[in-house]
Amino acid sequence: MKKTYWELNHPILRIIQHLAFWVLSFFVFLYLFKTGARPEKIDYVYTILFQLTLLPAVYLNIELLFPKLGNRKRILFYLFSLAVIIIFFTWINYNFFDKWSAKVFPDYFFISYFTFREIILFFSVYIIISTLMKLSKSWFLVSGLQKELLEKEKQKTEVELKALKAQINPHFFFNTLNSIYSMALDKDDRLPGTVLQLSDLMRYFLYVSRDNFIPLEKEMTVLDNYIALQKIRSDSKLNFEIKRSGEINGQQIAPLLLITFLENAFKHGAKGSSEKSFIFLNTIIEKNKLIFSIENNKGWVDEIKTGEYNGLGLENVKRQLELLYPGKHSLKISNEPNSFKVQLELNL
Amino acid sequence: MTKSIVLLFIPAMIMQSCITSLQPLVTKNTVVTDSRLTGTWNSDGQDYTIQKVAESDVYKKYNESSMSFSSPPFKRDSILYSKSYVIHYMKNKIKYDLYGSMIQLNGEYFMNFSFADLNDEDSSSISEREICPTCFLQSYTIARIRFSNSNTIKLDFINGDFLYKQIKAGRMKLKHETDDLYDTFLITASTNELQKFILKYGKDDRFFDKENSVTLIRKS
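Going down the list, the sequences are from chains A and B.
Mapping of the first sequence onto the working numbering: position 176 corresponds to residue 176, and the numbering continues sequentially without gaps.
Mapping of the second sequence onto the working numbering: position 7 corresponds to residue 7, and the numbering continues sequentially without gaps.
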């Protein structure tokens, strides 16, 4: 991706930032070092030369030492190297102004106006300031990248959720249409009512379930409709028990979570040929918590249908739970020889 | 009470273009002595006597007065004075006494001179006025001292004109104050800075003009 000029790490902006820092530093030094009321030519020369001895120490630190050694494992080695650099360039500075400058600039007369300790202090302060500036800049960069990453992760999650929902709906309708097909074959009189209830469910799937969260009351109504739909086609051999306790008003839940378990129970339990078909459904709503458990017998379908589409709904629900309730849910699936039990606990 | 401070410039033995510093070059920790200095000297018909301070008339005079060397401000500098010299000479019927303290920097000797006393033979008013050490602010002038042999000493005074021109042209960084009215200036750099400056440029002949040199020939 092409960087814009205003991004913190753009090379041109970086050069401007560094120039601004050194120009500002130059004027601070100039007015600190001047001997008269106004800075003279010698003050400009002296300040430039003073800064020139600071530059290598600062850039050696921020470009080499700090990136390579500035971590917890190497902190002692880093501090030692830093001390060596500070002392070395302090020595350069001190000797340059006190001795060598007479040969390089024979027509300019100045000395080192600071003691060795004072110059060490100058270097230390500059290295600390430049390191802190680099750290704060890095922090801004990391913070921006983290924000960007989170945004991307959010977009990815939304795309994934939409895909999952898109998978659930056809999966549910595929099962229900299979049931209607069976009713049509049996010329069952309840078929028109069943189609009508399916129509209501379709409306729910189409319009309501687009949101990430819906009122728990609506989800429960859908469950009731679905149960009614399935009861129409179930025979009297099915032992269906439903219990519900707690206050559902004012609670929110991700749509299509619970109906998938119910749908599986009817598909694998009620449709079986066993004489002892049963579905036990228990919903407990506590303060900000939902405990949903459903148990059904195993029918002949479970032995026959082992194709690739089996269990697709449950896998989808698991993924949805991971995305929408990370660390806020518990799903227990017990696959017993004669029964199948699911218990879901959600922190709403 | 506001005390009026008068900068007392050293009367020249010393040329007009010599440099004047507010701070001394030599301190009690850096002062050195050399036995070759003491004695009577002559330069261009002018006699000079160099004595150790303790042996000088100035010392005796102050010790007899209320401003003795054991009283402030002399007591503070007693170590310095014990290793310093008094240079005595007479010019235009005025007796001049200067203190001279010597330092060795980068293999060269340097001496800073400051006012000690003066006495006009025609009038006693000058000495009466200037004998009060706390009434004026001492200033110093500096010279490089080279011993050619035990009988010849060359004093190269720092060329004030050269320093002034360099400072005016913005080529020298040395704390100073200028008096634009009289076109004069005073070096206000600290002793430490002065020493560092001399250490670096003490061998640079541009700082010492021939016109600012005095050669003393031993008389006795």
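None of these hints come from the bench; they were simulated from the model.
A few of these clues could be false.
[Unchecked claim] Here are the simulated lysine-lysine pairs, DSSO-like style, with alpha carbons at most 27 Å apart:
(1) A:Lys34 / B:Lys165
(2) B:Lys154 / A:Lys34
(3) B:Lys95 / A:Lys99
(4) B:Lys203 / B:Lys175
(5) B:Lys210 / B:Lys95
(6) B:Lys154 / B:Lys210
(7) A:Lys137 / A:Lys152
(8) B:Lys203 / A:Lys103
(9) B:Lys210 / A:Lys103
(10) A:Lys99 / B:Lys203
(11) B:Lys95 / A:Lys41
(12) A:Lys41 / B:Lys165
(13) B:Lys175 / A:Lys103
(14) A:Lys41 / B:Lys175
(15) B:Lys95 / A:Lys103
(16) B:Lys196 / A:Lys41
(17) B:Lys28 / A:Lys99
(18) A:Lys99 / B:Lys210
(19) A:Lys332 / A:Lys298
(20) A:Lys41 / B:Lys60
(21) A:Lys103 / B:Lys200
(22) B:Lys200 / A:Lys34
Of the hints stated earlier, which fail here?
2, 3, 11, 15, 20
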